[in-house]
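Protein chains: 2
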Amino acid sequence: MIVSGNISKVRKVIKEAKRRNKLVGFVPTMGALHAGHMSLVKRAKKECSFVVVSIFLNPTQFGPGQDLRRYPKCFAKDTHLLRRAGIDLLFYPRQEAMYQRNHSVYVQEDSLSKGLCGKFRPGHFRGVCTVVGKLFNIVEPDIAYFGQKDYQQALILKRLVRDLNFSLKIKILPIIREKDKLALSSRNSYLSPGERTDALSLYSSLREAKSLIKKGERNPRKIINEMKRIILSKKGVKIEYIKIVDAQNLKELDKIRAPVLIALAVYIGKTRLIDNVIINVKG
Amino acid sequence: MIVSGNISKVRKVIKEAKRRNKLVGFVPTMGALHAGHMSLVKRAKKECSFVVVSIFLNPTQFGPGQDLRRYPKCFAKDTHLLRRAGIDLLFYPRQEAMYQRNHSVYVQEDSLSKGLCGKFRPGHFRGVCTVVGKLFNIVEPDIAYFGQKDYQQALILKRLVRDLNFSLKIKILPIIREKDKLALSSRNSYLSPGERTDALSLYSSLREAKSLIKKGERNPRKIINEMKRIILSKKGVKIEYIKIVDAQNLKELDKIRAPVLIALAVYIGKTRLIDNVIINVKG
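Keeping their order, the protein sequence lines are chains A and B.
Everything in the first sequence is counted per the working numbering, starting at -5 for the first residue and increasing by one.
Everything in the second sequence is counted per the working numbering, starting at -5 for the first residue and increasing by one.
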């Protein structure tokens, strides 16, 4: 495994791999790797002959007062995991290498990014699109892998690839959950043991929504109310949003029709967690 | 010369050229080619072993009420000129191929694009950055050529390349002028014979500015007033702006110091023309 933070070096290594007709798979991350990230890495290893992972805690996707500073950093452990997974190149640039003092060019998505997390994290997806655009230009992957956990992000990045004509394919892989169904997230490390238990209500509410839809419920309002009831049964929990939207365009629905995304963002104490399910409704 | 509007085909042709170790030069245009464009093409031919020209009248860089509809179209003549120049590939995509119905991703520069033309054409440089970002991703050139006539645009695109890590070099080539010093522009075709004569005042004013600076004048206000006097001596002429700015960051100057850009936009009748000079002031 080559480890480098040098953009020119990384370009060179990848260019050489391409010259040898390698298929380049790419998993961009902010580090603090967990089994969710590693599922992307494993898939990349399976499908590609040269796998690049980036670790870059991207400042432009954090708003003021968000958790940029306390975001978990564990480079040694991350490196170990990636080496064991057999990736070819770990790119971990410094902030100054990625954003020059007078950086002034940004990539912005104007439609899919308006709702859900975008509404509560202004500028977040602009930061994501900008850094991913940069990373795509540096790594020039054939396939890039993202998790469904950040479904809105993945959909926006698919749009980015389409609208700016990046020559690569984005694959969205399923959410990886703990045994008790908590969705894996680097931010789970912020939770106290009590909060960790409360956090299970997120998936419980999604499971209940799924079950209601299976039973024939088609009114989003009724489903959301039931989800709220489940989540708010815990103390110290604050719902940022619960939305039922068209899984293709993220538009809110009056009536449930296939396929729908049920997505939520909830504060467990001071920790903001997100989770979602996609449901293929018949009829 | 291969002529195609098909993005996949164009990618394929260029990929094959790269496989044969060709150096790819790129000149993006909106058509209505003149000797200014052709000077870029000639330079590309000289420096690169595979030259791509695009002709695409980009709607996103025109504001409402601007001249998108009446912009001159002369594809047959353009093709003839490019064939004679010996380019390898002419890419002329249709609008629907470049912008899908629900296009929603844009590239925006937030600093250099605020002043000069950017102030009077809101959204213009967003459209330019977006389409050029797309074209760079499709063509993947080693060198892209732009004219100093659109100096602000060229500087913004250099910033785009730097900030989004495009793997290419931008070259800015000198303004090409008619014998009587009118800067070449596709929009000159809008001018009546009388307007054509009035338009000479643009360069006269720039020449006078240059001469004043050479004589030691360092007060931008005084120079601009003199330029205004020259331009407004013609009837039916309206000054949009005359600015003296730092040629590197486009910031307005209180006192002239090297290197400066003197740039102007003037309406001759209904036709908006721009022109500029860069002056390397000593001391």
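Certain hints may be false.
Since the list gives no way to pick out one identical chain from another, each pair is judged satisfied if it fits inside one copy or across any two copies.
Pairs of lysine to aspartate or glutamate residues, derived as EDC-like cross-links and limited to a Cα-Cα distance of at most 16 Å, are as follows [what the hints assert, rightly or not]:
1. Lys9 with Asp136
2. Lys9 with Glu134
3. Lys9 with Glu41
4. Lys113 with Glu246
Simulated from the structure, these hints should not be mistaken for lab results.
Quick caveat: nothing in here was measured; it's all calculated off a predicted structure.
Results for each hint:
no. : hint               : result
1   : Lys9 with Asp136   : both (12 Å within a copy, 14 Å between copies)
2   : Lys9 with Glu134   : both (9 Å within a copy, 14 Å between copies)
3   : Lys9 with Glu41    : neither (19 Å within a copy, 22 Å between copies)
4   : Lys113 with Glu246 : within (13 Å within a copy, 36 Å between copies)
Figure legend: structure checked against the earlier numbered hints; the only hint not met is number 3.
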